[in-house]
Amino acid sequence: MTDNALKALADQGVSVWLDDLSRERIETGNLKDLIDKGVVGVTTNPSIFQAALAKGERYDADLRAFAADGKTVDETVFGLTTEDVRNACDLFLPLYESTDGVDGRVSIEVDPRLAKDTGKTVAEAKKLVEAVDRPNVLIKIPATVEGLPAISQVLAEGISVNVTLIFSLDRYRGVMNAFLTGLEQAREKGKDLSKIHSVASFFVSRVDTEIDKRLDALGTDEAKALKGKAAVANARLAYQAYEEVFSTPRWKNLEDDGAHAQRPLWASTGVKDPAYSDTLYVTELVAANTVNTMPEKTLDAVVDHGDVTGDTITGEYADAAEVLDALEGLGISYSDVTSQLEREGVDKFEVAWGELLDEVQKDIDLARADVGADTPDNESGHSEQVDR
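According to the UniProt record's numbering, the residues represented by the sequence shown are 1 to 388, in order.
Bear in mind the hints are in silico, worked out from the structure with no lab data behind them.
Keep in mind it's a predicted model, so treat the numbers as computed, not measured.
Ideal Cβ positions, reconstructed from N, Cα and C, are used throughout, including at glycine.
There could be a bad hint or two in this list.
To be verified - Below 27 Å or equal to it, Euclidean Cα-Cα: the simulated DSS-like pairs (lysine-lysine) are: (1) K37 <-> K272; (2) K126 <-> K195; (3) K213 <-> K348; (4) K37 <-> K55; (5) K191 <-> K272; (6) K227 <-> K348; (7) K189 <-> K126; (8) K37 <-> K7; (9) K348 <-> K362; (10) K55 <-> K71; (11) K348 <-> K116; (12) K120 <-> K71; (13) K116 <-> K127; (14) K348 <-> K127; (15) K297 <-> K213; (16) K120 <-> K189; (17) K348 <-> K126; (18) K32 <-> K55; (19) K195 <-> K32; (20) K32 <-> K297.
Said to hold, decoys possible - Derived CB-CB ranges, DEER-like: (21) K71 <-> T220: 56 to 66 Å; (22) S339 <-> D216: 15 to 25 Å; (23) N30 <-> D133: 15 to 25 Å.
Hey, can you work out the whole structure from these sequences and the hints?
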């Protein structure tokens, strides 16, 4: 049974995805239950995998096997995460097939340490696609300057992409240009454009968090009146840019050859300030052909009391522009805020990945120590239980 609020979003053209994944969700049936309620996709990131593997126990057997095989920590993390994504893809496969590839998608991100290296990002994307080996995987690539050509190159190979860490309107336009370029290159290579899908993950709540902090520092009544308005305004203007780009002759030419538009995806939709409605970044960002990826807490709030009243974006462009203009008038630099958020976003994922690698390395070391303690003194150096 699809929940009423989630059905209302779907009726408005909003695909509800879960911003979380773990082996526990898959093996306990939790993810299947969420699919039954109306969740039609999943996104992951380094922080999500770091939290999932920290819980540990469901990964222990695989960790011991990888350790016994002499796998490095990077190989082990790659194996663990791609297995979770592969299994989630299998759960979503019926949705993928019934929506002609639009939904039923599971995203996995390239190693965040590669965000500034175009060539290595492309190579990692291909490696992930091969390892997951499922048609409904989306490869996440950060929208850094170096990421833009990587996005085009990966799409040109016929690989579906989730572009992540978009904060500014200028960068979003660059992402859409990279998408169109990638499709044009794919067409030149003879790829079937109808099989290529993409979303552009425009981050929401972090914009309010940073700008509200700067508004509080100003402390004026005018500043206080703008709190909690920047993130929604920014996202609404992003949708306006989406409408503009995907009505151009350049896009129509690709669409005529079977291409699907790159959908805006609202990411970072968990509300950070308890003074705001916990469904703010869902109910105020409703428009056709969008995705909203929610942490479970936000999803539960929407199910419980989300009030979906219809399109809350397309009639609001003038007011949204006024919000950003007013912020500039108070001396809050939009470009400074969005540049800072991009740097912090990349850094945050690098830190989470580093913590993940450290934890897994400790587990590998413990597993190898256990193997060594149980191994009889023989020429192979391995016990029968772990010899491969």
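Mind listing which of the numbered hints don't hold for this structure, in increasing order?
Checked against the structure, the only hint that fails is number 5, while the rest are satisfied.
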